[in-house]
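2 protein chains.
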Amino acid sequence: MTQLPIRKDLVGKSPYGAPQIAVPVRLNTNENPFGPSPELVAELAKAISEIGPKLNRYPDRDANALRADLAKYLNAESQVSLAAENIWPANGSNEVMQQLLQLFGGPDKSLVAFDPTYSMYEDYCRNTFTKYLSVARNEDFTIDKSVLDSALALQPDIIVLTSPNNPTGTIIDMSDIDYLLANFAGVLVIDEAYAEFRPAGTPSAVSRLAKNPRLVVVRTMSKAFSYAGARVGYAAASPEIVQAIQLVRLPYHLSTVTQAVARVALQFSDELQGQVTLLRRERDDLESWLKDQGFEVAPSGANFLLFGAFGDRNEVWEQLVEHGVLIRQTGPSGWLRVSIGTPEENQAFKTALLQVTNRTNGK
Amino acid sequence: MTQLPIRKDLVGKSPYGAPQIAVPVRLNTNENPFGPSPELVAELAKAISEIGPKLNRYPDRDANALRADLAKYLNAESQVSLAAENIWPANGSNEVMQQLLQLFGGPDKSLVAFDPTYSMYEDYCRNTFTKYLSVARNEDFTIDKSVLDSALALQPDIIVLTSPNNPTGTIIDMSDIDYLLANFAGVLVIDEAYAEFRPAGTPSAVSRLAKNPRLVVVRTMSKAFSYAGARVGYAAASPEIVQAIQLVRLPYHLSTVTQAVARVALQFSDELQGQVTLLRRERDDLESWLKDQGFEVAPSGANFLLFGAFGDRNEVWEQLVEHGVLIRQTGPSGWLRVSIGTPEENQAFKTALLQVTNRTNGK
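Top to bottom, those sequences are chains A and B.
Quick note: the first sequence, position 99, residue 98 per numbering that gives the first Met the number 0, numbers continuous.
Quick note: the second sequence, position 173, residue 172 per numbering that gives the first Met the number 0, numbers continuous.
Check the hints yourself; a few may be wrong.
No copy labels: a pair is met if it fits in one copy or bridges any two.
Cut-off 30 Å, straight-line C-alpha distance, at most; resulting in silico cross-link-like pairs (BS3-like, lysine-lysine) [stated by the list, open to error]: (1) Lys290 to Lys210; (2) Lys210 to Lys144; (3) Lys130 to Lys144; (4) Lys210 to Lys12.
Don't read these hints as lab results, they were simulated from the structure.
On a predicted model such as this, the values are computed, not experimentally measured, just so you know.
Required output: the full structure, derived from the provided sequences and hints.
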């Protein structure tokens with residue numbers, strides 16, 4: 000590979016991706032542990048039977064029906080009034096992010112994110128030749144106006160705020176988003192991949208779209224919709240931004256099948272919301288339990304918890320794998336991230352963690 | 000939109016995409032006119048019923064099973080010996096092309112294509128900040144060594160040869176590909192989106208992969224597999240290139256559904272080949288007929304024909320639409336492109352064209 004004339008900044012790099020190991024309990028990539036229901040799967044089969052005979056034709060390039068459905072979902076989920084013209088779907092929120100950087104980034108542009116955060120932002124920047132900058136969060140992973148001022152001082156073209164943040168789970172206060180909206184002239188991207196897991200009553204940044212044409216909120220169906228395998232992410236933004244994205248999107252980027260599959264899940268929003276409620280409760284229970292065992296836990300509004308701190312997190316991680324539980328080594332040194340699984344999976348994780356760390360329950 | 004801080008080179012541009020008009024006969028985007036068969040659609044429903052319950056999990060990031068199936072298909076189709084490690088699939092060949100340019104292109108790199116050719120190459124370059132250069136084909140749309148020497152003289156990093164070429168249908172002689180392989184040190188991409196429609200016995204550039212680690216052949220399932228709606232394209236290349244692409248691909252770029260849907264169609268390769276044979280015959284018949292009517296026609300190895308020349312092609316195009324037939328205004332001034340449809344659609348096109356151009360059959 001080193002013989003190939005690849006871009007110099009890619010030489011020696013490794014592809015992004017969590018290590019995948021075949022173990023009974025996989026709590027490493029923040030997947031929703033509940034698969035689509037038999038009723039949903041039956042609707043999928045029906046949908047593909049309907050579109051199958053017409054797959055020789057290109058998809059609806061503008062994905063109008065799906066965009067209308069996504070707008071309707073967001074309107075119910077976050078009490079807003081968006082229309083199809085506010086929505087832009089793609090193959091996962093990472094394609095949405097790449098399109099945003101192809102549009103607003105580039106060799107003479109820069110993006111600021113807040114460390115520790117999702118490591119793919121740096122890769123999106125590399126893919127689009129955009130300068131990646133980062134500002135440190137407070138020690139407890141929160142952000143406040145002084146952190147935001149540090150970001151603004153870098154004079155970036157794009158700011159990405161992740162809320163809830165990955166891998167820490169931290170929720171950004173809406174007043175901080177409002178502060179940026181008032182003080183930043185560039186493009187503000189709020190990555191809300193895990194938004195549906197935020198505590199009830201917490202507002203979403205989509206509530207700020209109506210008055211802010213340079214705000215983009217990115218969401219995904221991977222998590223709350225149990226649809227990581229379907230690869231559907233979307234942006235909610237002003238109609239102007241949605242139109243502009245079409246200058247850089249690849250034509251027919253979203254297949255007829257993906258559009259149909261996404262629309263089926265959206266019909267089941269209420270059913271899926273029940274699972275989200277259960278996962279939130281499991282998360283809160285696990286957070287309490289971890290604290291009871293004496294671990295540090297970052298307050299989380301997502302479907303995962305970052306906990307620690309370990310002198311040698313790699314050893315803990317490896318021993319958990321030996322006990323059949325796969326979690327993730329990510330984020331600040333010494334911390335580990337565990338996705339919230341089914342009640343049974345979470346129990347298996349607790350049991351394994353106690354064994355690995357030689358603690359006894361209730362000590 | 001002009002108020003947004005978008006990249007300067009995008010200001011004033013329009014999104015790529017053929018105009019879509021609801022008419023009875025759509026021969027404008029080189030779709031295969033035959034939809035997937037009821038047997039294939041039944042297998043699709045079965046496949047989605049199987050994967051549906053597991054869609055909460057991320058896809059196989061490396062798409063190993065699909066890559067093995069694609070290799071097997073190419074081996075049979077072009078009498079080669081490729082393995083999964085030679086194949087890289089993505090959401091349409093345009094995502095493959097974008098990934099190749101993210102890997103081998105960039106601000107200090109350039110690509111050469113041969114005009115007239117597929118207009119998306121320039122867009123891929125724009126999306127990846129790669130300099131787009133072009134060299135004119137001969138007047139009859141062929142390429143020869145003097146044309147290739149003009150391309151080499153530009154010292155590009157990437158050369159893209161399209162065979163059969165879109166929109167002209169022209170096939171590149173294998174000796175010209177061999178000439179470039181012997182004389183070009185950069186990355187040579189042969190875009191074979193329409194390869195299955197080439198005359199029987201014409202070799203594919205995949206026959207040159209074994210000895211050329213910097214050669215990439217790009218194919219698609221959109222055309223021969225009647226799968227434009229499924230969005231599956233793929234590269235065949237050296238294992239080194241396939242590994243390197245993974246540095247720039249978005250993680251989990253290809254959904255579980257897309258992987259499964261593609262594998263179903265590959266099971267039906269033989270059935271689909273029958274339709275390709277019919278379309279080839281229809282193309283050759285239509286070419287003869289157009290010539291008999293006194294039109295110029297570019298020799299085509301694809302599922303479309305470029306014909307002309309018209310003083311006002313826009314008028315001919317508009318009048319055809321009024322007669323219920325949608326074709327494409329593309330390629331050199333005065334020429335029009337018509338996709339090969341079903342025998343009935345081709346007859347409708349002929350009837351409409353005669354009416355529009357005031358010719359009588361058999362004049």
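Comparing the hints with the structure gives:
no. : hint             : result
1   : Lys290 to Lys210 : neither (41 Å within a copy, 60 Å between copies)
2   : Lys210 to Lys144 : within (21 Å within a copy, 59 Å between copies)
3   : Lys130 to Lys144 : within (23 Å within a copy, 41 Å between copies)
4   : Lys210 to Lys12  : between (41 Å within a copy, 26 Å between copies)
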